[in-house]
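Undergrad: Chains as they are written, first to last, in the numbering used here: chain A, 1 to 226; chain B, 1001 to 1288.
One should not assume that every hint holds.
Said to hold, decoys possible - To spell it out: a stretch of chain B is covered by chain A in this simulated footprint if at least three of its residues, at any positions, have a beta carbon under 8 Å from a beta carbon of chain A; those stretches are:
#1 1102-1115
#2 1130-1140
#3 1244-1251
#4 1270-1278
Unchecked claim - In silico SDA-like links for lysine to any residue, alpha-carbon gap of 20 Å or less:
#5 B/Lys1214 <-> B/Gly1264
#6 A/Lys3 <-> B/His1070
#7 A/Lys64 <-> B/Glu1275
#8 A/Lys62 <-> B/His1132
#9 B/Lys1129 <-> B/His1070
#10 A/Lys64 <-> A/Leu162
#11 B/Lys1128 <-> A/Asp61
#12 A/Lys3 <-> B/Asp1083
#13 A/Lys64 <-> B/Lys1106
#14 A/Lys3 <-> B/Lys1106
#15 B/Lys1129 <-> A/Phe142
#16 B/Lys1015 <-> A/Arg14
#17 A/Lys62 <-> B/Lys1128
#18 A/Lys3 <-> B/Tyr1104
#19 A/Lys3 <-> B/Trp1107
#20 A/Lys62 <-> B/Ser1227
#21 A/Lys64 <-> B/Val1126
#22 A/Lys3 <-> B/Arg1077
#23 A/Lys64 <-> B/Ile1053
#24 A/Lys3 <-> B/Lys1129
Rather than coming from a laboratory, the hints here were simulated on the basis of the structure.
Positions of the beta carbon are idealized from the N, C-alpha and C atoms, including for glycine.
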Amino acid sequence: MLKLLRMEYLLNRRQILIVLAIFSVYFLYMAYRIDSPRVFLVSLCLMMGLAVPFGFVGREDKFKTAALVCSLPVRRTTIVLAKYAISGMAMGLGLAYGLLLAAALPFTKISVVEILTVKSILIALLLVSVLSGFIHPFTIRFGLAGIIIFLVSSQLLGIVALVLAQFLGRGPNPLRSAIAAVEKGLRTMLYHEATPGFLVLLAAAIITVNAASFLVSRALYARRDL
Amino acid sequence: MDNAIEILGLRKAYKRFALDDVTFNVPQGYVMGLIGPNGAGKTTVIKLIMNLIRRNAGEVRVFGLDNLRHEREVKARIGFVYDVPRFPEDLRLGQIASALAPFYPKWDGGRFLALLDEFELSSRTVIKKLSHGMKMKFALALALAHDADLILMDEPTAGLDPVFRFELLEKLRAFIQDERKTVLFSSHITSDLERVADFITFIHKGRIVFSAGKDAILESWGVVRASDGSVRPDDIPGLRGYKQSEFSLEALTSDIAAARKRLGGSTACDKASLEDIMFFVSRGETHA
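Chain B on its own, in the form it takes in the complex (with noise of 0.2 Å):
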């Protein structure tokens, strides 16, 4: 498998956060989430792919490229969508697509007009006249027009109502229905992921917690869940975190087939959503 972004030993240091040895492939031809709560580093990751922001050390390749050495090849295969989209206020949708149209060797001005359409978005419609989720689609269209090969997006369903993000997950299923397109994309709304990604990137306090397919992970995580106290977290393979109160433990594993080996069938053990996961990984072990 061909993978369209390979990227290894990143490391970024700000004074209150580092982004720490982040490794991790997308394959080319799929949609891959990257998840992680508020703060995780998930925009720095996708910051440094896109070199808006320096790296201390690691290696970013996009399609087999270098992304610093060859900035401008790869940059023209990337459709690029903002948590908030950063255009002039004062300007129309038409005006940007001008101004940026020239910079991309396959931009296709019917398409553009087409996404607009279909977005229903006037060309002739001033940028601070739209609403958050507007923005989101005039930015989408705009990566979608010039034929990117990879549209990396970050946190695009944050802020957007469900009919939106269901409008904007679709464009995106439909998006790599060519095999040679992919998409990687942050979001701590875990349902979205779960909606449309083929592989799920987990990252927490700057570090990768695991990177693996999506069917794979929801097949082997799970919950455990008991209540008369004859189970301990100790007790639990493959544990990843938990919640103790005095009456009753909840624990995340990754190893849900030996849990319930192990604990037999007495003990609940539920398969694990991506909202579990990120829910225990991220508050570790916990005492109510």
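So that you can see chain A by itself, here it is in the shape it has in the complex (with noise of 0.2 Å):
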């Protein structure tokens, strides 16, 4: 497999460059607008950890590329699996950069201190985690259009939930319920104590989350015709 990261990283070392271009830009802009930490790490996590890889299918796509990589020895299943370490390194690389220009500058209103907390990054990986889980199947199997398949789809579904909504009235209905299971679920988490069985707990999800996400999308790699 690290010959298949050290491939996508020469093969896309200026897509990479321009990235972190971009969005030192936009972490500046950040740095000196948002003041939630929380907020500020789900960021910076999301748009590394989407933008880069995301980047690299654009490329692939373009270029086609894709054939030539399934023709090296390498099994599709390392594909995939590079494709997801990937996309965490872009993770750990968002968050360092991110962490790096908030120390740095001096108009930041965020503190690194107040990041660089266990949970605060376990909590950032598993939002984002979910988030990327549930894109990569679809940019895997279908490339770069796989994320207007996503992103059509949840539009789809939120019509979906507005009309049941609207539907099933304001009393006591099961899609309210389950909403308001996601509500709580969430809120639990970002105010949970930062207990070690809570934090093993935040990690065995990332793991989850990402573990089925890979089976998904290394069954459709599988199947995909190049």
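Grab the two chains, each in its own frame, and use the hints to assemble them into the complex.
TA: See below:
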């Protein structure tokens, strides 16, 4: 897999620099405007964790290089694993880069000490993993068009939820209960004390979400005709 | 004779096309040409060997190894050249080679540079500045630089001018001087295959029409030409396709000796070229 990571780096070096340049400006803005450490952290991981791997997917689509990669002596499982590793590394890069800027910039509203807690980092990683865990299988199956498919599907789901909400009325109903449960779960997670057990649970949730997403992506990529 | 590739009962179904029960072998140390008209299934066969598409049934063995179970080992021994080379257009040749080299244990950087030199390419040139022919040469240099035992090429000569094509074919001829090396090369340009192929597999509408030695094919297949209405298609032994008008008949036979014997000396029976074979088999029975 290291060979694949090295190859992706060499083939997309310029793309990484472009993303870093764009996000340098964005991070400056965020560091100046955002005062919630959690929002800052999630934004950093999310932006880099999605922008870098999906930038690679965009180039792969543009130059049709998926066939080139799949003709190399590597298994497709390893290729998918490398894509997830790239996503994780990009999140790490985004986090490190953002923290560096936050520490170096005098006008930032974010204190590095506030962000740099195990709980904050794990929560950020979990939230980003849930989102990227949903998107990855789409991009692996459909390329860059997968993101559009994901967004359109999400919008359709939202429309269905809205229509259902109108239809079911203001009283207690399954849709309302489901949304309330998600909201309650998120609040519990955000405000829960950072006990060792909770942190282990967060770590386990991150691993589970990524593993489930990886298994779906692997199955989809094995069926993809190039 | 050992086989570099053994294909058995290969099937792949698309909505409007199906590769159906494809079976043939590629002997080690030879050049095999895979011919057929556009859309016959040549690219599908090559992609199935490379596991770029998923098969519905059948088996592919490369150097005795199943191409799915031993994917890494198999692909490490294959040099693959696409019909349209697919490289990131904004990178230099040297950068691409440097990214791909670690995947191949037998990669020889010196040989790669020598091949670039031979093909008059520079490792500092950006891919988008290359013509189609130059990209094909680069792809071939990559395929040859890791000392592949099998070169798979999908329509490598399509869109190339005659000079490029001649150079490429010469390169292939030189490659198989080492008798361990094998080439499977698809094309609809039959003259290229007549020049270099030792064996020919003809595929049409997803089915194998024949797979045999080129010399044997060119010896036994022929075209019967009659103009006075004295010969009917049914009279021709080994009939594989014909073109008939009010005044003439042209027919392809897979048994020219039998045709000559039955029709006698008054009817023209000439040896068929691969182009004749492809034309008549593809067209089937036609009436002008």
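Undergrad: Now tell me if each hint is right for this structure.
TA: Structure-based check of all given hints:
Only residues whose C-beta sits within less than 8 Å of a C-beta in chain A count toward coverage, and the region 1102-1115 of chain B has 3 of them, enough to reach three; the restraint holds. Coverage of the region 1130-1140 of chain B by chain A is violated [criterion: at least 3 residues with CB-CB distance below 8 Å; count 0]. Given a C-beta distance limit of less than 8 Å, the hint that chain A covers the region 1244-1251 of chain B is violated, as 0 residues qualify and 3 are needed. Counting residues of the region 1270-1278 of chain B whose beta carbon lies closer than 8 Å to any beta carbon of chain A gives 0, which falls below the threshold of three, so the coverage claim is violated.
Note on B/Lys1214 and B/Gly1264: the hinted pairing is violated, with a Cα-Cα distance of about 26 Å set against a maximum of 20 Å. Taken as a hint, the A/Lys3 and B/His1070 pair is honoured in the structure, with Cα atoms around 19 Å apart against an allowance of 20 Å. Of the supplied pair hints, the one linking A/Lys64 and B/Glu1275 is violated, its CA atoms being roughly 33 Å apart against a limit of 20 Å. Among the hinted pairs, A/Lys62 with B/His1132 is consistent with the structure: their alpha-carbon atoms are about 17 Å apart, no more than 20 Å.
Proximity of B/Lys1129 to B/His1070 is assessed by CA-CA distance (about 37 Å); at most 20 Å being required, the pair is judged violated. For the hint pairing A/Lys64 with A/Leu162, the CA-to-CA distance comes to about 39 Å; that exceeds 20 Å, so the pair is violated. For the proposed pair B/Lys1128 and A/Asp61, the alpha carbon gap of about 16 Å is at most 20 Å, so the pair holds. About 26 Å separates the Cα atoms of A/Lys3 and B/Asp1083, which puts this hinted pair outside 20 Å; it is violated.
A hinted pair counts as satisfied when its Cα atoms are at most 20 Å apart, and A/Lys64 with B/Lys1106 does not qualify at roughly 26 Å. Note on A/Lys3 and B/Lys1106: the hinted pairing holds, with a Cα-Cα distance of about 15 Å set against a maximum of 20 Å. For the suggested pair B/Lys1129 and A/Phe142, the alpha carbons sit about 29 Å apart, so the restraint of at most 20 Å is broken. The hinted pair formed by B/Lys1015 and A/Arg14 fails the criterion: a straight-line CA distance of about 40 Å is larger than 20 Å.
The suggested pairing of A/Lys62 with B/Lys1128 holds, with an alpha-carbon distance near 13 Å, which does not exceed 20 Å. Among the hinted pairs, A/Lys3 with B/Tyr1104 is consistent with the structure: their alpha-carbon atoms are about 10 Å apart, no more than 20 Å. Distance restraint check for A/Lys3 and B/Trp1107: the Cα-Cα separation of roughly 14 Å lies within the 20 Å cut-off, and the hinted pair is therefore satisfied. Note on A/Lys62 and B/Ser1227: the hinted pairing is violated, with a Cα-Cα distance of about 55 Å set against a maximum of 20 Å.
Pair hint A/Lys64 plus B/Val1126 holds up; C-alpha atoms about 17 Å apart against a cutoff of 20 Å. Of the pairs offered as hints, the one joining A/Lys3 and B/Arg1077 holds, with about 18 Å between alpha carbons and a cut-off of 20 Å not exceeded. Annotation: proposed proximity of A/Lys64 to B/Ile1053 holds, straight-line Cα distance about 15 Å (limit 20 Å). At roughly 27 Å between alpha-carbon atoms, A/Lys3 and B/Lys1129 are farther apart than 20 Å, so this suggested pair is violated.
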